[in-house]
Amino acid sequence: MPSPPLLEVNDLYVRFPSPAGPVDAVAGVSFTVSAGETVAVVGESGSGKSVMSLAVLGLLAPGGSAAGSVLLRGEELVGADAERLRRLRGADIAMIFQNPMSSLDPLFTIGDQVAEALRAHRPMPRRAARTRAVELLREVGLPDPERRMRAYPHELSGGQQQRVMVAIALTCEPALIIADEPTTALDVTVEAQILDLLRRMRRDHGTALLLITHDMAVVAEMADRVVVMYAGRVVEHGPVAEVLRAPRNPYTQALIASIPTPATPRDRPMAAIPGSVPTPAAAPPGCRFHPRCPSAQDRCAEEEPPLYDLGARRASRCWLHDAPWAGSAAAVGGEVRRAG
Amino acid sequence: MIGYTLRRLGYGAVVMLLVTVFVFVVMRLVPGDAVSLQLQDTGVSRAEADALRAEFGLDAPVWAQLWDWLGNAARGDLGVSFYSGEPVVEMFLARVPVTVQLGLLAMLVGSLLGIALGVVAAVTRGSAVDGAMRLFAVAFLSVPNFVVALLVLTMLALWFAWSPPIVYAGPGEDFAGWAQQIAIPVLALGTGGMAAVARLTRSSMLESLGSDYIRTVRAKGVRERTVVVKHALRNSTIAVLTLLGLELATVLGGTVIIEQMFALPGTGQLIYQAVLDRDYPVVVACTIFYAGLFVITIILLDLLYALVDPRIRTGRALS
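Quick mapping for you: the protein sequence lines, in order, are chains A and B.
Heads up, the first sequence is in the UniProt record's numbering, so the first residue is 1 and it goes up one at a time.
Heads up, the second sequence is in the UniProt record's numbering, so the first residue is 1 and it goes up one at a time.
Misleading hints may appear alongside valid ones.
Coverage of chain A stretches by chain B, computed from C-beta distances (three or more under 8 Å per stretch; other residues unrestricted) [stated by the list, open to error]:
(1) 92 to 99
(2) 298 to 307
Beyond 10 Å from chain B on every Cβ pair, some chain A residues (computed) [claimed, not checked]:
(3) Leu88
(4) Arg89
(5) Ser102
(6) Pro106
(7) Ile168
(8) Pro260
Bear in mind the hints are in silico, worked out from the structure with no lab data behind them.
Everything numeric in this text was worked out from a predicted model, so none of it was measured.
Think of the CB as a built atom: it goes at the ideal place given N, C-alpha and C, for glycine as much as any other residue.
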């Protein structure tokens with residue numbers, strides 16, 4: 001048996017109140033992240049991936065509540081007391097957010113905000129914290145870090161702000177960094193730089209990375225394993241190379257088909273999945289993807305498929321993997337399928 | 001920052017000049033002057049009245065009076081009261097402290113209590129405390145300050161057979177007496193502002209607490225108290241500062257009625273009587289005082305914005 005994973009999410013539910021009664025933005029998500037591993041959680045907007053990552057840190061918006069289990073090195077985080085979660089945030093699990101432009105407090109200098117993250121966990125003199133902050137800013141490649149310490153967020157570009165966010169995440173050398181769409185708000189060239197920075201951090205510090213994204217190209221470039229989410233559910237997971245080469249779930253297939261490549265003819269419209277992700281309150285009965293699924297069967301509208309263990313650390317949630325449809329499942333790639 | 005300050009001061013000076021000219025002219029357009037009001041039932045002859053007008057300088061054209069007044073004012077002479085003959089500057093200086101005490105205390109009560117209540121309400125959002133706070137806020141916002149004052153006075157008199165002393169004594173002479181006398185006026189003037197400040201603080205705190213940067217601060221593992229006080233409150237300050245500026249106008253206007261009600265010898269009482277008497281020099285001086293107090297506060301608030309918000313300091317919001 002290998003050592004227990006760093007992070008183990010088990011049957012996690014996140015529930016929000018709504019006028020029509022409580023709805024589950026995340027419904028029974030399970031996955032693991034091992035030390036030093038990069039796991040990408042991918043899905044369209046509204047799939048529940050961001051909410052899921054906030055639930056891990058206990059940072060859900062007021063009203064939201066988590067159920068199920070999130071184990072960090074075997075310690076239960078769901079329902080843990082607020083002070084314990086606070087001590088853990090930033091120190092064991094750090095987070096990088098989607099919008100660097102709005103994620104830094106506009107009224108405090110960069111130096112203050114990096115030093116604050118340090119001093120939240122390690123009581124140290126102000127001067128020592130500032131010295132360490134300069135080192136961190138240099139490490140994330142912020143030009144002229146001594147001067148940038150005194151700068152305010154609005155004086156930095158989006159890419160520089162995201163570098164500062166990475167520096168803040170690194171302050172306490174966390175075992176896991178959750179990056180929620182860290183490059184979505186950035187230009188393509190800056191995106192490449194930030195991804196590069198994240199890769200370097202992972203290599204130099206052995207940090208595990210839980211990367212939330214909707215971009216399959218980012219997944220291919222960064223992750224070891226991928227978890228595909230749809231409408232609050234995990235629909236497929238497995239090693240990145242295999243999932244990208246031979247996706248088993250129709251949703252994953254559609255996602256991958258919608259990535260434009262240089263070979264995509266320019267005169268053809270880009271492939272897109274028709275329709276959009278249902279809101280948690282309006283999740284259809286049966287398989288949540290069936291209204292948009294090209295391979296939908298009658299059964300898909302009635303009964304939700306389980307997550308089938310496909311072997312080789314892969315799983316997919318689709319009736320195509322069930323024996324009665326063995327014939328049509330061949331269209332999906334047809335390999336071993338075991339109910340489970 | 002220096003340019004910013006100088007520009008604010010410049011605007012302030014222009015406003016003061018405009019206010020002076022406006023009040024000077026408007027007071028003289030009001031029917032009836034000091035002479036006709038003073039002499040209306042005494043049966044003096046027209047010639048005698050005209051002589052008196054000439055003595056006050058009221059026979060000259062308005063623009064000439066204004067020019068004279070400005071010249072004297074520049075030398076620190078604001079004229080004499082048409083009634084008592086006292087120099088306006090002296091009358092005035094004797095009364096300023098009362099109004100300043102009253103206004104300052106009312107603003108302090110309003111802002112400090114208001115901010116504290118707003119923060120508590122925001123942090124305990126949806127709780128009974130929050131609900132009660134909102135109810136009281138609406139009540140205090142809706143009831144005019146003089147009604148609050150009357151209610152408090154009446155209740156104290158009915159239930160405890162107590163009423164504040166009538167003859168004013170400064171805090172230096174008789175602190176206990178002064179405190180009893182000024183407490184109700186301060187509360188009456190401050191509660192409206194307190195309710196407004198509490199409501200605004202609550203809503204801007206909630207906005208701030210739900211923001212991305214607060215999420216970052218929480219993700220860093222910073223203590224919740226620091227999150228609320230250092231980050232959320234400071235980010236809410238800007239909106240609240242704006243409101244405090246407006247609130248000052250309400251409080252200053254309120255002093256006119258409240259000083260009258262509580263027999264407080266401040267500028268509010270002075271201006272009230274002076275307007276009734278058409279005592280031009282006193283009215284003009286008092287108006288300039290109120291305008292000046294307001295302009296200075298607005299300038300201070302502008303400087304405070306810049307102090308709180310670096311985005312204003314570096315000039316982006318200056319244009």
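So, going through the hints one by one against the coordinates:
{"no.": "1", "hint": "92 to 99", "result": "holds (count 4)"}
{"no.": "2", "hint": "298 to 307", "result": "violated (count 0)"}
{"no.": "3", "hint": "Leu88", "result": "violated (7 Å)"}
{"no.": "4", "hint": "Arg89", "result": "violated (4 Å)"}
{"no.": "5", "hint": "Ser102", "result": "violated (4 Å)"}
{"no.": "6", "hint": "Pro106", "result": "violated (6 Å)"}
{"no.": "7", "hint": "Ile168", "result": "violated (6 Å)"}
{"no.": "8", "hint": "Pro260", "result": "holds (30 Å)"}
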